[in-house]
Amino acid sequence: MISVRLMGGLGNQMFQYAAARRLAGIRNARLVLDVSHYENQPPEEVPRHYELDCFNISAKFSREPVENIVGKRQGMRKLVPLAPRIIHEKNFAFDREILRAADNILLVGYWQSEKYFKDYTDQLRKDFTFKDPLSPAKQLVANNIAKEPYAVSVQVRRGDYISHTASSNFHGALELDYYKRAVLELAKTISSPHFFVISDDPEWCKENLELGFPTTFVDHVPDTGHEDMRLTSLCKHHIIANSTFSWWGAWLNPRPNKLVIAPALWFKEPSMLKYAQDVVPRNWIRV
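My numbering applies: residue 546 is where the sequence shown begins, and numbers increase by one.
Hints were generated in silico from the structure; no laboratory data involved.
Honestly, I wouldn't trust all of these hints.
Unchecked claim - Per label pair, the in silico range of CB-to-CB distance:
# : residue 1 : residue 2 : range
1 : Ile571    : Thr769    : 31 to 37 Å
2 : Arg572    : Glu609    : 21 to 27 Å
3 : Ile631    : Tyr583    : 17 to 23 Å
Backbone N, C-alpha and C fix where the C-beta goes; we use that ideal spot for every residue, glycine too.
Build the full structure now, drawing on both the sequences and the hints.
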């Protein structure tokens, strides 16, 4: 059994799932998603819930901490027959030892690196297939994206990066200067982009974001974030924010020649760079 504790929003859950799914696949082991964190979430965290149900994935679930199940009622003992070895993430740097982890473990961490699952990409792309059609409004946006030969998504994360103290201190919203530099970098290769700005605060973007090329601002609908991720993946190229949500939107784009521009400082604190050096894939451009 390979189990993983899910924490955070959709992007974080996808990283956690991907690392565990790869281990379960190569070990031919049962995959268990431990969603107990959402049953008793610490009050200081941004409220979250399980969001992977937007994808065509299948796995067993546990609403109780997996390590507490052993010895309980019969049905749960069948799910978790032996106490798992708990592996806590040491820091945000890639840990190669995880790739060789044995069966019967519980992963507790964020595992934010493609290196944890790069050799399992084909299967994960199948798992991360959106199961429901887009809403009519977002389908219109998707149609417009398809018409543009150089559609570029621009992700602007504000929300909790502005309003939530811990998130603001840890990540922090990117400065406008980042987007200016990203556009200049993109323009070296793409001479006539059409930008699709996808944000949790489109009104702020309309007032403050001037990209110098044709731009469509996509309306934001709370609780349907997966649709914005899907729209991101439909674009040809990407300027992402320092968020796992926008990271996955770009990753889900299967085009081998895509350009992805990402912030060089993923975290607000520069000293965290040594821990985050593996977050952005090497073939993406950092500015």
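Taking the hints in turn, this is what the structure says about them:
At about 34 Å, the beta-carbon gap between Ile571 and Thr769 stays in the expected band of 31 to 37 Å. The supplied range of 21 to 27 Å is met by Arg572 and Glu609, whose beta-carbon atoms lie about 23 Å from each other. Checked against the given bound of 17 to 23 Å, the beta carbons of Ile631 and Tyr583, roughly 18 Å apart, stay inside it.
Of the numbered hints stated above, none is contradicted by the structure.
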